[in-house]
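Chains Z and X, in that order, give the protein sequences.
Letter by letter, the first sequence follows residues 1 to 558 in the numbering used here.
Letter by letter, the second sequence follows residues 559 to 798 in the numbering used here.
Calculated directly from the structure, the hints in this document are not laboratory data.
Hints may contain errors.
Stated by the list, open to error - DSS-like, lysine-lysine: derived pairs with alpha carbons at most 27 Å apart: (1) 112/Z <-> 769/X; (2) 551/Z <-> 691/X; (3) 554/Z <-> 326/Z; (4) 253/Z <-> 416/Z; (5) 9/Z <-> 671/X; (6) 585/X <-> 769/X.
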Amino acid sequence: MKQFINLLKISLNVNFGISALRYRFTKERKRLWEPVLIFLSIIVGGGSITAFYTMILQNVYMVGLVLNSPEIVIIVSLIIGQFTVFVFGIMYIISAFYFSNDINILVPLPLKPYQVLGCKFITIMINEYLILLPLLVPSIIIYGTGIKPGIAYWFKSVFIILLSPVIPLIIASVFVLILMRLVNIRKSKDLLIVIGTLFGVLLSLTVNYYTQKMPDGDPGQFVQNLVSSRIDIIEMIGEKFPHVIWSTYSLSKTGLEGFIYFGLTIIVFILAFAFLLWLGNQIFYRGLLSGQEVSSRKKRLSPEQINRKTQGASSPVTALFRREWKLFIRTPIYALNGLAGMIMVPFILLMPVFTRGEEMQDAISLIRQPQFIAHATLGSFGLILFTASVNIVACTSISREGQTFCISKMILVAPKHQVAAKLLHGMSISAIGIAVTLALVAIVLQLPLLRLLIVLILGLLGNLLLNILNLIIDVIRPKLEWNNPQEAVKQNLNGFFSILLTMVSLGCLAGLSVFLFDMGLSEWWIYIILGVIAGILSLLSLKVLFTLAEKAYKKLEI
Amino acid sequence: MVKITNLSKSYNRGAVKAVDNLNLHVKPGEIFGFLGPNGAGKTTTIKMMVGLLNPDQGSIFINDYDNQRDPIAAKRSIGYVPDSPEVYDRLTGLEYLDFMANVYEVSPDEKKKRISYFLEMFDLVDAANDLIKSYSHGMKQKIVLTGALLHNPALWIMDEPMVGLDPRSSHLLKELMREHCDRGNTVFFSTHILEVAERLCDRIGIIHKGKLIAIGTLEELRHGEHAGTLENIFLELTEQ
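Model the full assembly from the supplied sequences, consistent with the hints where possible.
See below:
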């Protein structure tokens, strides 16, 4: 037990970076603003979503009151919470159980498989609270303040909330343990990441589709109608997962009956956890160790093959551009973060046109009128500027090099040429985003060819400027220290700054367009002015980028 | 101390034989050098010994414990230093050592004594309270080494332990290895530095393409059909 607690302490420390935070508080005070900024972003971003969700739950509670089952609000939130934990949990579990960096440290230690597994499980469970608390706490408060069931309710609810991720995570863990025992998916790790992300994209598109389909009018009324008509489904889910019902009854029933359900729930959780540990002890290390093997084909290349693969000379910038593309496309986490958003966002933004065709038809017909064609062209330009720049390519292009940045420092290629290759890479990716959005705009708005050409030129110029500015961000503050590629892109504040920059640019563009319209200029002059401004700013920023790169490449140390 | 019998391991469903029917017996009190060209099967063998890989065939007994049947007891007898120092970057050196000592259930007094001893010896006292990510490669190697030795294991298994160490630390490590074996314990290590193997090892095993092609003391290896320095012996054997 002592060993387990010790292992858990270290695991939590490493996972939540407690020592690293302490170190930062005492020794790296200059970077203290970063966690504060991240925390504030979470509060601001998460707060608005939670408020909307609470409003929906309030309506569910009202329906429950009418149906004489106010506890339905708790059932609904538990189902939503547990489903979310399960979906997120699978990827979390695969990566924590089988792909984490500490496997090579832990396996040779005299620890039993269940100790390692149990400890990783609890760490994931605590991680899940971040998602789960905003999903469960509102319903507990709504029910508690509405029904006023007494002090025991609040006491039991703390335990129910803390234990609620257990069952979905155990189901996910058992599934993953068996899967990993049967197939060696480590060999297909990259494929797995791609499938997982595509699943996520599909899920978000589906959710978006149904959200957009929600009819106009009072959304509260819609939820009330939905819950009243689907009460049987909610009950059926409750029957399939009785712990949800028991958890709810342990809160909603008062007196001894409530405590019996509470005890029953706790026993189920303990038994399920014990089963997981038992199963883990049997099969965890077997799947883990079979996945440790790294395969190589060891196929001997003939001199001709070697010649073919290495023949031809190219300029340094071309060689670097190729390297950027190869590393980008062969690291799924980069490719997906760079490409998925750009392809997905235009569809999400234009989703109402497809889901609510009739209602949107009037608006679209209006936009297609000749007097609004300039607005439609500029709007399309703004859309392209947004969609083609929602990627992390330029703003992490130096960060992604990580420790291999030392190669960039050593090679005989001037920093300005190196960042030029990165810029070309960023632009080639933005070009994909521009093409997707332009095609959608062409279909939806049916802009004439000339306008499409203008949108294309302005889009390219605007994205050139944004990519240069994003590169400048990364030149100024690259994140070169990371343990896995995910950190280089997902835990890099440069992505956040890049979005801010895009928003500010869009604001400036909109302001400038309105100003130019107000001056009574013809639309052609407006396009020319915007194009010239983007071009001049790009040239100026390019000069700044090259100067900064020369300095930064000299100064940066690995 | 180490008894490896008919050990085999292949990758790609048998297409690549990394270790091929290996038989090896390392006695207590011995420093055993495990040599071989790149890709010969050294690290695969070591990983199977410490439990990081499962053998396809054969058995490994560590301190009389079968590492497949009784892995915990076998692991308790081992102090393992991997070829690349893999450590929790976001812990301080001291936190990592404390963790290792606790996992191996080293008593508090012993823990304090041994941590201080090794930190002092490897000149890590000033860095102990810093995050490991701020360490150099050599410092990481030393902290891993310290973590592996805290519980005073009977068998040290080290994969290229001298890589990254400064001359002083390397010298200290060699002395530690000698002292450890003089107390009746065992050191099993792989290396590419043949001079070190020549001077330090009581016995040497050379593995090539997964097969053990030579084993014995330096004298025994010289008495065979090969003669001269270990380098000559190694080159001749592995070129065949």
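Taking the hints in turn, this is what the structure says about them:
no., hint, result
1, 112/Z <-> 769/X, "violated (32 Å)"
2, 551/Z <-> 691/X, "holds (25 Å)"
3, 554/Z <-> 326/Z, "holds (26 Å)"
4, 253/Z <-> 416/Z, "violated (70 Å)"
5, 9/Z <-> 671/X, "holds (23 Å)"
6, 585/X <-> 769/X, "holds (20 Å)"
In this structure, the earlier hints numbered 1, 4 are contradicted, and the remaining ones agree with it.
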